[in-house]
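> Each chain is listed here by its residues.
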Amino acid sequence: MAQHQVNYLKDGGLPVALTTIDKVVNWGRSNSIWALTYGLACCGIEMMASGASRYDFDRFGTIFRASPRQAELMVVAGTLTKKHAEFIRRLYDQMTEPKWVISMGSCANTGGMFNTYATVQGVDRVIPVDLYLPGCAPRPETLQYAVMMLQQKIRKEPASRSQKPKRLM
Amino acid sequence: MRAYTPKDNVQAKSYYTDRFWVAPQVAKSAVSDDEVFAADLEAIKAKFDVLDAYIQVEQMIVIINANDNYAVLELLKNECEYTQLSEMSAIDWLDQEGKFEIFYQMLSMTKRKRVRIKCKIDEKEAIQSVEKLFRCADWSEREMYDMFGVVVNNHPFMKRILMPEDWEGFPLRKTYPLQGDEFAAWYEVDKIFGKEAREIIGPENRDPARIDRYDTKRFSRLGHEVPFGTDISQGEPDTPLVYQEQEGVFMIDKFDAQKSVVISDRHR
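Protein chains in written order, with numbering that gives the first Met the number 0: chain A, 0 to 168; chain B, 0 to 267.
Hints are computed from structural coordinates only; laboratory data are not their basis. Note that the coordinates shown come from a computational prediction; the quantities given were computed from them, not determined experimentally. You may find that some hints are simply not true.
In silico DSS-like links for lysine-lysine, alpha-carbon gap of 27 Å or less [stated by the list, open to error]:
(1) K158(B) with K82(A)
(2) K98(B) with K119(B)
(3) K155(A) with K216(B)
Chain A on its own, in the form it takes in the complex:
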């Protein structure tokens, strides 16, 4: 027995929501951005701090996964070396569509202070990037803001469009 009166016709009382499929799918996608653990250097520490209790990524639905098969976001946190470039490309290819990439910090954006022979000068030479975060290293708030920007970006795109595979070239 219901203890209180439920007005089914009033907004909020109804256990039914009328909307479009696009919005439902995008709601699901934008609130369950599972990220691949991709800490490559000191930015990885900030990424871990974002995931830990103080900044708490779980409330955005961003849970770090250790497998690319379960992830749709790759936060490239740190310096990408030339030796590692082929592996990041392979892991990116293993992620299922739809997928997004956040390039976190100066090193991932442009190679940063490592203007040397062994550093890739920006991860966008290897994989397509959606958001670039400035900073060395960016604070957890910056990464949170990036995730919220990414959520807005996901909600803006029509979910029902055919998946166009993202390719650098």
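Following the hints, position chain B against chain A.
For chain B alone, coordinates are given in the frame of chain A:
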């Protein structure tokens, strides 16, 4: 023809040049000053040729022939109590002498002394591995090969340790450019996409100071974001930082301070 010098700002030219500067040398002293080292040197001299020996900063440096390196280290380890190889590597003197200098830094815990064994080899010459004596030489010798291209004989696993296996060139040689040669510049592109992708991806931007204020394809000013590739030479509009869309998000309620209630009794 005389070399051109810019004349537009002669005053700014520094008149000081370092043509008379001499690099300071660390003072050397004779080995006979220290009786422990003198005894060690005698032990080495009894069996091997010693090209030079002296004491610098309380450490003995002994220069030997390159093909004696294993035997000398064996002697030091087994008979002179230098039981640890704390460091070893090569130094590139190819420009000055056409040779590599290999050094072995030895430590004796019982004598509390350090000895450095040095030898020189040609560029194409190989050196004997000391991995059988000191296990730590395994990775050091691999690194020496990786960074300088010094081949080590009788090493159990002679392979690059830091750089990728298909890397060309030896990065710590003085002749290797800091920002990489042609191979290094295109390494990741060639390997992942193939050589034909070079034109599409383009060369690396190696200028760390390069900022194009009006480039909206690579940069966006926070709070002034515009769509990708917009021309902003006439200025850009303010777009205040927003965490969510203005009209709200499906299924998610925004916090409204007016509608919220402050509970007076926390332990209710």
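> Holds or violated: K155(A) and K216(B), Cα atoms, limit 27 Å.
holds, 19 Å
> Mind checking the alpha carbons of K98(B) and K119(B) for me, to see if they're no more than 27 Å apart?
holds, 6 Å
> Next pair to validate is K158(B) with K82(A); report whether the Cα-Cα distance is within 27 Å.
holds, 15 Å
No hint from the list above goes unmet by this structure.
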